[in-house]
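Chemist: Given the coordinates of chain A, work out where chain B should sit on it, guided by the hints.
Protein chains in written order, with this note's numbering: chain A, 12 to 234; chain B, 1208 to 1580.
Wrong hints could be hidden among the right ones.
Once the Cα atoms are required to be at most 30 Å apart in a straight line, the calculated DSS-like pairs of lysine-lysine come out as [claimed, not checked]:
id	chain 1	residue 1	chain 2	residue 2
1	B	K1280	B	K1297
2	A	K108	B	K1413
3	B	K1277	B	K1498
4	B	K1521	A	K151
5	B	K1457	B	K1277
6	B	K1540	B	K1521
If you are wondering where the hints come from, they were derived from the structure by calculation, not from laboratory data. Being a predicted model, the structure only gives us computed values, none of them experimental.
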Amino acid sequence: MTTFTVAMVSAGLSQPSSTRLLADQLADAVRRAAGIDGDRVEVVTLELRELAHDITNNLLTGFPNVPLHSAIDALTSADAVIAVTPVFSASYSGLFKSFFDVIEPAALTGTPVLMAATGGSARHSLVLDYALRPLFSHLKATIVPTGVFAATADFGSDGAGRSLADRVNRAGRELVALIGPTPGRGTGFDGAEPGPSRTGNRPGRESDPFDALVPFTELLARR
Amino acid sequence: MQFGIFTVGDVTTDPTTGRTPTEAQRIKAMVTIAQKAEEVGLDVFASGEHHNPPFVPSSPTTMLGYLAAKTDKLILSTSTTLITTNDPVKIAEDFAMLQHLADGRVDLMMGRGNTGPVYPWFGKDIAKGIELAVENYDLLRRLWREDVVDWQGMFRTPLHGFTSTPRPLDGVPPFVWHGSIRSPEIAEQAAYYGDGFFANHIFWPKAHFQRLIELYRTRFEHYGHGTADQAIVGLGGQVFMRKNSQDAVKEFRPYFDHAPVYGYGPSLEDFTEMTPLTVGSPAEVIEKTLKFREYFGDYQRQLFLMDHAGLPLKTVLEQLDLLGEEVVPVLRKEFNALRPARVPNAPTHRSLQAAKLAADQAAADLSSAGIQS
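The following block holds chain A by itself, in its conformation from the complex (with noise of 0.2 Å):
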């Protein structure tokens, strides 16, 4: 059994919300998904609306606080990514695009990233593929192909109720999937030896200028 973590960022800004409530919807069909292969999910909740004040003075003065700094941490430490915002003005909303404004960019390189939104109408539900499958293809994120849009009458009528239901699956374990080989599950590499946590394994998400220090000889050099 291994456990993994998902950081599951929701941009909604009434409490409850709906951005809310498809969250843990996707976060729940995560922890199913990775239950068939007796693996464990454990999901760090980031609701933005609680940032709000420290993301705006991030951008303004250039360096987070303690809460946003441990969020950002959270973030871009976890396995993989669950990332929902509701539609404003014909995109995401201005608050979820700040939360990745203020990360490093090679942050989230090659991370899962199930993205997912919610708005008035399904007339929006192009908003995923327009704006949030760029912004995290800008970030070299790893996106799942199922992105989940529920208007507001999915959350109602039975037939289209289940197929959000459907949806939220299907994207659940294409999350899991990409989150990469387990022992046991035969879906790995031939050979491949995954550690205890797949934590911090992914090529190319080096993030921090220090552990890549080039000795001053070798910059002089390059001239």
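Modeler: Below, chain B alone, put in the same frame as chain A:
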């Protein structure tokens, strides 16, 4: 230990009166502030270098040259000199000239600048910032240390048989600090040459700078310039004082709330919690500044930012009185008492000259001993 002030040279509207100084008023105010720094017993005045409004100091050696004539003891420095976009040949010439006029009361701090468009304005590529800092500084050192330089690099016209004039005063190049708020490469550069490292930590939390300074100290020792605790470290600071702490907070708050760097962001209370900013009584400033030593180790130079965000000249001069009379004498005494004997002071022209004479003498003794045997 050296204490001083550093200025950004911003022209900012006083948020309490709506008054904006002219460039002429601001430049003359900077001169008055520097003279006041000497009068109240501070050791260092450093000017920034900027090439865009609302900043006035585009030509630091012009101002420092004028100050050399107006002061007697003050060390004249920069915060920073742009090693990326200035021609290293011109830096070598300008600061050697300044050394002669100031009788050696000169050092300088290298920086890469924080305004992107300055690179293209001066014909450089910002993506090459580190490479420019490395190549230009290496040339600058040679121009000061070798009478005739043959040189070829990536970023500047080659030099053949070039002699930078005037030669450094007494054959001793000015001491150099390297300033950085982000880049480990610059801490590494300072360590490689055994130069000083200045961490302007005034806007950022301390953990980041602890790593930068630790890296510099470790690498300073690695390159054989001394032990890690003998590395030459400078720190920034930012204070606003009144006898009564509450008066300081009340008076400074509107300047804080509208300040160009952090205005409209965190509250004054949060910011003082997170960064070195101290707004309060002289005793509170002393207490917080002494903590810097606990976080970063014994260090050699403390510079305070005193004259920004639209504070009127009269207020800044009052602040300098408090700094010189009530804060710095206590800090000097306390820091000196805490510092082990093996931790050196920041190099000055005089100490570097003495070291050079001793080295020259040792070399001469060695060669005459060689002739006799």
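Chemist: May I ask which of the numbered hints given earlier this structure violates, with the numbers listed in increasing order?
Modeler: Hints 3, 4, 5 are the ones this structure does not satisfy, whereas the remaining hints hold.
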